[in-house]
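Student: Below are the chains, spelled out letter by letter.
4 protein chains.
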Amino acid sequence: MKNWPNSASSANSPVRVEGEKPFILVEERVRYSETDQMGVAHNKNYFEWFEIGRTEFIRQKKIPYKEIEKLGYYLVVVEAFCRYKRPLRYDDSFFIRVELDELTPKKAVFSYLLLTKDEKKPIASGYTVHIVTDSKGTVTVLPEEILGKIKAVY
Amino acid sequence: MKNWPNSASSANSPVRVEGEKPFILVEERVRYSETDQMGVAHNKNYFEWFEIGRTEFIRQKKIPYKEIEKLGYYLVVVEAFCRYKRPLRYDDSFFIRVELDELTPKKAVFSYLLLTKDEKKPIASGYTVHIVTDSKGTVTVLPEEILGKIKAVY
Amino acid sequence: MKNWPNSASSANSPVRVEGEKPFILVEERVRYSETDQMGVAHNKNYFEWFEIGRTEFIRQKKIPYKEIEKLGYYLVVVEAFCRYKRPLRYDDSFFIRVELDELTPKKAVFSYLLLTKDEKKPIASGYTVHIVTDSKGTVTVLPEEILGKIKAVY
Amino acid sequence: MKNWPNSASSANSPVRVEGEKPFILVEERVRYSETDQMGVAHNKNYFEWFEIGRTEFIRQKKIPYKEIEKLGYYLVVVEAFCRYKRPLRYDDSFFIRVELDELTPKKAVFSYLLLTKDEKKPIASGYTVHIVTDSKGTVTVLPEEILGKIKAVY
Numbered sequence: 002m003k004n005w006p007n008s009a010s011s012a013n014s015p016v017r018v019e020g021e022k023p024f025i026l027v028e029e030r031v032r033y034s035e036t037d038q039m040g041v042a043h044n045k046n047y048f049e050w051f052e053i054g055r056t057e058f059i060r061q062k063k064i065p066y067k068e069i070e071k072l073g074y075y076l077v078v079v080e081a082f083c084r085y086k087r088p089l090r091y092d093d094s095f096f097i098r099v100e101l102d103e104l105t106p107k108k109a110v111f112s113y114l115l116l117t118k119d120e121k122k123p124i125a126s127g128y129t130v131h132i133v134t135d136s137k138g139t140v141t142v143l144p145e146e147i148l149g150k151i152k153a154v155y
Numbered sequence: 002m003k004n005w006p007n008s009a010s011s012a013n014s015p016v017r018v019e020g021e022k023p024f025i026l027v028e029e030r031v032r033y034s035e036t037d038q039m040g041v042a043h044n045k046n047y048f049e050w051f052e053i054g055r056t057e058f059i060r061q062k063k064i065p066y067k068e069i070e071k072l073g074y075y076l077v078v079v080e081a082f083c084r085y086k087r088p089l090r091y092d093d094s095f096f097i098r099v100e101l102d103e104l105t106p107k108k109a110v111f112s113y114l115l116l117t118k119d120e121k122k123p124i125a126s127g128y129t130v131h132i133v134t135d136s137k138g139t140v141t142v143l144p145e146e147i148l149g150k151i152k153a154v155y
Numbered sequence: 002m003k004n005w006p007n008s009a010s011s012a013n014s015p016v017r018v019e020g021e022k023p024f025i026l027v028e029e030r031v032r033y034s035e036t037d038q039m040g041v042a043h044n045k046n047y048f049e050w051f052e053i054g055r056t057e058f059i060r061q062k063k064i065p066y067k068e069i070e071k072l073g074y075y076l077v078v079v080e081a082f083c084r085y086k087r088p089l090r091y092d093d094s095f096f097i098r099v100e101l102d103e104l105t106p107k108k109a110v111f112s113y114l115l116l117t118k119d120e121k122k123p124i125a126s127g128y129t130v131h132i133v134t135d136s137k138g139t140v141t142v143l144p145e146e147i148l149g150k151i152k153a154v155y
Numbered sequence: 002m003k004n005w006p007n008s009a010s011s012a013n014s015p016v017r018v019e020g021e022k023p024f025i026l027v028e029e030r031v032r033y034s035e036t037d038q039m040g041v042a043h044n045k046n047y048f049e050w051f052e053i054g055r056t057e058f059i060r061q062k063k064i065p066y067k068e069i070e071k072l073g074y075y076l077v078v079v080e081a082f083c084r085y086k087r088p089l090r091y092d093d094s095f096f097i098r099v100e101l102d103e104l105t106p107k108k109a110v111f112s113y114l115l116l117t118k119d120e121k122k123p124i125a126s127g128y129t130v131h132i133v134t135d136s137k138g139t140v141t142v143l144p145e146e147i148l149g150k151i152k153a154v155y
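Chains as they are written, first to last, in the numbering used here: chain P, 2 to 155; chain B, 2 to 155; chain R, 2 to 155; chain L, 2 to 155.
No wet-lab data here; the hints were simulated from the structure.
Just so you know, not all the hints are guaranteed correct.
No distinction is drawn between identical chains; accordingly, a pair holds when it is met within one copy or between any pair of copies.
No more than 20 Å apart at the CA atoms, straight line, and that leaves these computed lysine to any residue pairs for SDA-like [what the hints assert, rightly or not]:
#1 K67 x S94
#2 K150 x L104
#3 K62 x R32
#4 K67 x V130
#5 K67 x M39
#6 K67 x T141
#7 K152 x S112
#8 K71 x P106
#9 K86 x I132
#10 K86 x Y75
#11 K86 x Y128
#12 K67 x S136
#13 K86 x H131
Please take these sequences and the hints and turn them into a complete structure.
Tutor: What follows is the structure in structure tokens.
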């Protein structure tokens with residue numbers, strides 16, 4: 002795992018380090034309803050947290066995901082993976098670190114790291130692969146306008 | 002709580018007892034992901050179970066809820082209540098007993114009992130109040146055709 | 002609904018207005034996974050948001066709920082109610098306003114208002130009733146030490 | 002994807018085909034609360050369905066998962082993957098096909114197929130990797146007694 006400057010710890014700020022892909026950090030906290038009888042956050046919630054991170058990543062691009070859907074384009078999940086390393090407990094705060102690994106008119110790949118708030122130790126890592134569809138679920142391509150905004154580095 | 006004939010214990014069968022409203026019983030089981038760190042089913046899940054029961058109640062009426070939505074009518078929840086009496090644990094089986102308390106062109110009220118599988122002891126009780134809207138969320142009335150089917154006793 | 006000073010809009014700050022019960026405001030945002038096919042937040046999520054508000058209310062009291070559980074006391078939900086007034090959509094921000102209506106050694110009642118972020122229009126209102134149990138689910142009473150902290154007004 | 006005899010379509014029955022690993026089929030139905038605003042089942046639910054399938058697979062082995070936990074052993078998820086092929090909609094019925102791919106005292110790997118009810122077309126496929134821990138989360142090994150039961154073919 003890479004290091005990044007301390008300034009990155011302010012959640013929701015896009016961060017750019019020389020020679021690296023830009024990423025964002027979002028802070029979240031484990032809800033009581035997200036724990037299970039083992040006393041830890043249930044595995045399915047990590048995919049919700051990935052999605053929250055993805056939403057914030059795209060929001061930084063001046064074109065919130067809900068606007069993309071209003072224009073008739075959907076980034077449908079076709080693959081999702083998570084590796085769990087450390088348990089999360091009720092009320093724990095943590096960071097979701099999101100990076101855009103690949104973006105073409107037909108496909109997007111996001112990768113995620115969940116990190117402890119204080120020491121930034123890895124909690125989990127994963128990725129999601131998305132294809133582009135219209136509102137009826139038919140495969141299509143993202144127009145250049147949207148593509149350019151998401152790809153922009155600033 | 003009322004008694005009902007043993008034949009009622011076959012889930013999903015509509016039951017009619019003289020002088021009583023018809024009801025249905027649906028069997029469900031607590032998922033691992035529905036437990037919380039207290040080791041019991043989390044309070045929010047009961048509202049999902051109420052909804053499963055409601056879906057099955059309407060299915061018995063020869064007009065599944067998804068068909069009602071396809072016709073452009075939505076039974077939007079405007080009130081929901083639950084009283085919790087006994088905890089439910091992982092893998093517990095239980096019955097959802099659903100009754101239609103009120104139905105007018107503008108409004109529906111369903112009431113629910115959750116019961117232990119073996120002794121039919123009360124686990125929880127509650128109700129939901131619904132208004133009728135179109136696909137844009139504007140308040141409307143249920144047409145006579147749908148109303149008649151849901152009201153039919155058989 | 003009552004008015005409150007603008008300063009209250011900073012989330013998570015306890016607010017005290019002359020002659021009123023103290024309350025807190027927590028800001029939340031609708032997750033994609035919390036919407037349903039009607040395009041609005043599903044009714045069950047409101048009870049999760051109530052819980053988030055409750056957690057923050059107790060955190061203000063210098064005794065986070067997780068500490069109360071570590072001491073062996075659980076505030077078990079025995080009743081939950083919600084009235085839905087305005088729909089919430091994906092990515093909408095809103096406030097959860099939480100008030101402690103009643104607190105005795107045996108029982109706590111919290112009430113909630115969900116409010117639009119900009120104009121503070123009511124989205125939903127509700128309450129939860131809690132009894133006190135030990136880790137085995139046996140009814141008990143909250144010790145004076147915890148009770149005093151939660152009741153403290155500052 | 003493999004074929005299997007029609008008798009397999011009765012849910013929850015373990016099936017054994019010459020030269021293949023035994024598997025089970027569990028029937029589930031999409032809940033309204035499991036849909037999102039795209040009108041399809043949200044990606045996180047598939048991991049809950051995998052878990053339901055896993056629970057039923059182990060139940061067939063005469064040692065329900067809750068009994069394994071009571072004996073002090075936990076099959077903690079350390080990896081989860083899903084590939085999504087066809088959307089699932091509200092009220093759709095489908096099969097979860099579960100197979101045990103690997104089982105050692107330290108590790109278990111389950112694989113899953115979600116299939117349409119009528120034509121058994123693939124909806125999704127995936128797997129979960131589990132390690133064995135005690136109730137405190139310390140890595141341990143499954144005793145021979147439990148291992149033998151889960152491995153038994155009948």
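Student: All hints are to be evaluated individually against the structure, with a verdict given for each.
Tutor: Hint check results:
In the homo-oligomer, the alpha carbons of K67 and S94 lie at most 20 Å apart only across protomers (13 Å), although the nearest pairing inside one protomer, at 26 Å, exceeds that limit. When the C-alpha separation of K150 and L104 is checked against a cutoff of 20 Å, the pair qualifies only within one copy, where the shortest distance is 11 Å, while the shortest distance between copies is 47 Å. Taking the shortest alpha-carbon separations for K62 and R32, only the inter-copy value of 18 Å comes in at or below 20 Å, while the best intra-copy value is 28 Å. In this homomeric assembly, K67 and V130 come within 20 Å of each other (Cα to Cα) only inside a single copy, at 19 Å, whereas the closest approach across copies is 30 Å.
Within a single copy, K67 and M39 get their C-alpha atoms only as close as 35 Å, which misses the 20 Å cut-off; across copies the closest is 11 Å, which meets it. With identical chains, the CA atoms of K67 and T141 are at most 20 Å apart within one copy only, with a shortest distance of 18 Å there and 28 Å across copies. Taking identical chains as interchangeable, the C-alpha atoms of K152 and S112 lie at most 20 Å apart only when both belong to the same chain, with a minimum of 15 Å there against 36 Å between chains. For the identical chains of this complex, K71 and P106 are intra-copy neighbours only, at 18 Å inside a copy versus 33 Å across copies, given an alpha-carbon limit of 20 Å.
Within a single copy, K86 and I132 get their C-alpha atoms only as close as 28 Å, which misses the 20 Å cut-off; across copies the closest is 11 Å, which meets it. Taking identical chains as interchangeable, the C-alpha atoms of K86 and Y75 lie at most 20 Å apart only when they sit on different chains, with a minimum of 15 Å there against 31 Å within one chain. Within a single copy, K86 and Y128 get their C-alpha atoms as close as 15 Å, and across copies as close as 17 Å, so both meet the 20 Å cut-off. For the identical chains of this complex, K67 and S136 are neighbours both inside a copy (13 Å) and across copies (19 Å), given an alpha-carbon limit of 20 Å.
For the identical chains of this complex, K86 and H131 are inter-copy neighbours only, at 12 Å across copies versus 24 Å inside a copy, given an alpha-carbon limit of 20 Å.
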